[in-house]
Amino acid sequence: MYFPIADVTINPILLISVGFLVGILGGFFGVGGGFLAGPMMFWTGVPMNFVVGTDMAHMTGKSIVAARRHRSLGHVDLKLGLFMVLGTIVGVEIGARIIEALQDSGAIDITIGITYIIILVCISIFTAWESIRAIQMVRTDQIDVQDAIGFKGLAKRIQAVNIPPMVSFPVSGIEYISIWMVLGVGFFTGVLAGSLGVGGGFIRMPMMVYILGIPTHVAVGTDLFEIVFSSGFGTITHALKGNVDILMALVMQTGAAIGAQIGANATRFFAGPKIRLAFSVLPIIGAALVGLRLLSSGMMH
Amino acid sequence: MKKLEPHVLIRNLMIEIIIYSILIFGYYLIVLRWLDDWLMSIFQSNLVVYAVTGLGLIVIQAALLDFVTSFLMRYIKLDQFGIRRLLDVFSDR
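As you go down the protein sequences, you meet chains C and A in turn. Heads up, the first sequence is in the working numbering, so the first residue is 1 and it goes up one at a time. Heads up, the second sequence is in the working numbering, so the first residue is 302 and it goes up one at a time.
The following block holds chain A by itself, in its conformation from the complex (with noise of 0.2 Å):
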């Protein structure tokens, strides 16, 4: 793979960075921001529901942000861009 130049490897970068921003944003918005009142009833009413929903709640997030992120990577190439170049700067391989 052709090495690039500096500033094309950080902005590169920063496109990657701008379009996960966007991604978490949307995430939090749709998402994060509407379980607070749920959990707080539970974190209230029974401990032992809110500890198993919690890890449960941690994988669920786990699974679909793999997914996502394997998504992002792969198919559309986000690798082949900066994060990848990057690596390839320091590769030893």
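Okay, chain C solo, but in the shape it has when bound (with noise of 0.2 Å):
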């Protein structure tokens, strides 16, 4: 099929495939997948300055997709993910703007790329550690799979700050929390998108597991209803200069709508610490890419 806008030609079914991958994988996790679909696509043929902007098109179609059927699930906090889209937002915006600022002071790639490795190890040797405590709590102390958390002192400690205005998400079964607390998180994986050129769907989602104590599979739903923002003002920015091509997009998001649609649905086959421990790869496979591209780069130079 030929693609005018990207001028390139590709054959529409691995298009279709690496959308159905990264959309089963988006679905279940509450990831935009980004990381995995950009290499992917430019294996495919993509054009290297279609890449990015195609997949935040599709992106945005694919959590739509995908927090609609977690919201018909019960999976989605809309104001948890509101208070967090304000922070996110700001957080990219700065994140950007620390990028420009450090561009001058040379070897900026390797310093970024080597701090998102070293964070997205330390996220995934965490997650796979308290997810495999909090299954072998299920199966010594008996009690309740969906409220299995191997790492509680933290989000307990958040939610005790007292700093108003004080908020209550019920949804996601939190009483009272202070909206800094929500903003500052929203605002912190922010900062590391937009400063790291990437969605901070894996860094988020355990955030708001560990740090806000939101229960798993709502912070998979809200993390997609967040996505659907992000990735949607990412789409407007990156058209705007050119660098999308809907087309394309639009064909990826037949397979992704697709694999969305299972991926949310399988969330409700498993309990919360198995979703955190799958999860637990994702950083990992992020992190070695990040790696590759790290090291072609200086093989390049």
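Derived by calculation from the structure, the hints in this document are not laboratory data. Keep in mind that the hints are not guaranteed to be accurate.
If we take Cβ atoms under 8 Å as the criterion, some of the chain C residues that face chain A in the derived model are [stated by the list, open to error]:
no., residue
1, L14
2, I16
3, A57
4, G61
5, I236
6, A239
7, I246
8, L247
9, A249
10, T254
11, Q261
We put the beta carbon where it would ideally sit given N, CA and C, even for glycine.
Put the complex together from the two separate chains, hints included.
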């Protein structure tokens, strides 16, 4: 199939397959999947300048489907999602400005890349350790598998911080929490996303669980709801620069919509600890891809 | 729900994928291939209109696909076949 905007011919089945695979991951784990879709799109022959923008566009559609499905399952906290969007947007802008300011110092790619790898590996190790601990707690302490979390201390302390205004999130089971904590988590993930150049999905989901104390299923659904706005905003900004092939995004979305439905439905069959354990593999994949990119750019220089 | 043999699970999953493939192929033939000239002309004439139209198309297609896939899963009971059964094998609920 010829895509006139990107001026490239690509087999649509390949694009649909990439969308399908990333859709399943997105629907199940609440991530945009850009870390995986980007390299796969490049591999199928999408020009580099169209990869990020087109991925953002297809991510918007996929997240709408997955978030709607999660909402019907009661897994989306709209109020929490909207507050986090505010923090994230400000964070993304600050993150992008930090990058601009650091650009003159040289070796910025390596510094950011290594920071990113360290963060992702830490998230992966911590999530795996915690979820295994939670699964063991379910076996030994006979507690409800949905409530099982191997690391509750930080979330309890964060929820106890009394800086007004305080808000409640009944869908997430949070009676009161300082609004600044919610905005802070959104802001922090936004800064990381803006400075590291990727969506913060696989940083935000564990932070919502471990720092704010949101149940895993609600964190997945709410994260997808937030991705609708962040990737929609990204689609517009990239499209204005002429870096989005909408036709390509629409083709990818046909596969992604089905994958997202399957992924979102699949969360019904798994308890929080098992979702988190499976999730722990994703940041390692992301870290490996960043490492490969650093190595290849190092070789080119 | 009674658990099925692996070969039956895979067969049912393949049936689902074939149904989805036919639908996507039909959609591609009917809708997507007619959009390229129109989108290209907007892309070349006005990027603001292109950006807004693009996002609109993505949202509309998402709503449409959501309806179709939900319909297949719910009313034709596709979710009672392969994928659902496959998930039951690994399920902890």
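Now for the hints, and whether the structure bears them out:
1. L14: violated, 13 Å
2. I16: holds, 6 Å
3. A57: A57 of chain C check passes; min Cβ-Cβ to chain A is 6 Å, inside 8 Å.
4. G61: Since the shortest Cβ distance to chain A is 4 Å, the answer is holds.
5. I236: holds, 5 Å
6. A239: Since chain A brings a Cβ to about 3 Å from A239 of chain C, closer than 8 Å, the hint holds.
7. I246: With a closest approach of 4 Å, the I246 of chain C hint holds.
8. L247: This interface hint holds because 6 Å falls under the 8 Å limit.
9. A249: holds, 6 Å
10. T254: Nearest chain A Cβ about 5 Å off; hint holds.
11. Q261: holds, 5 Å
In terms of the numbered hints stated before, the structure departs from hint 1 and from no other.
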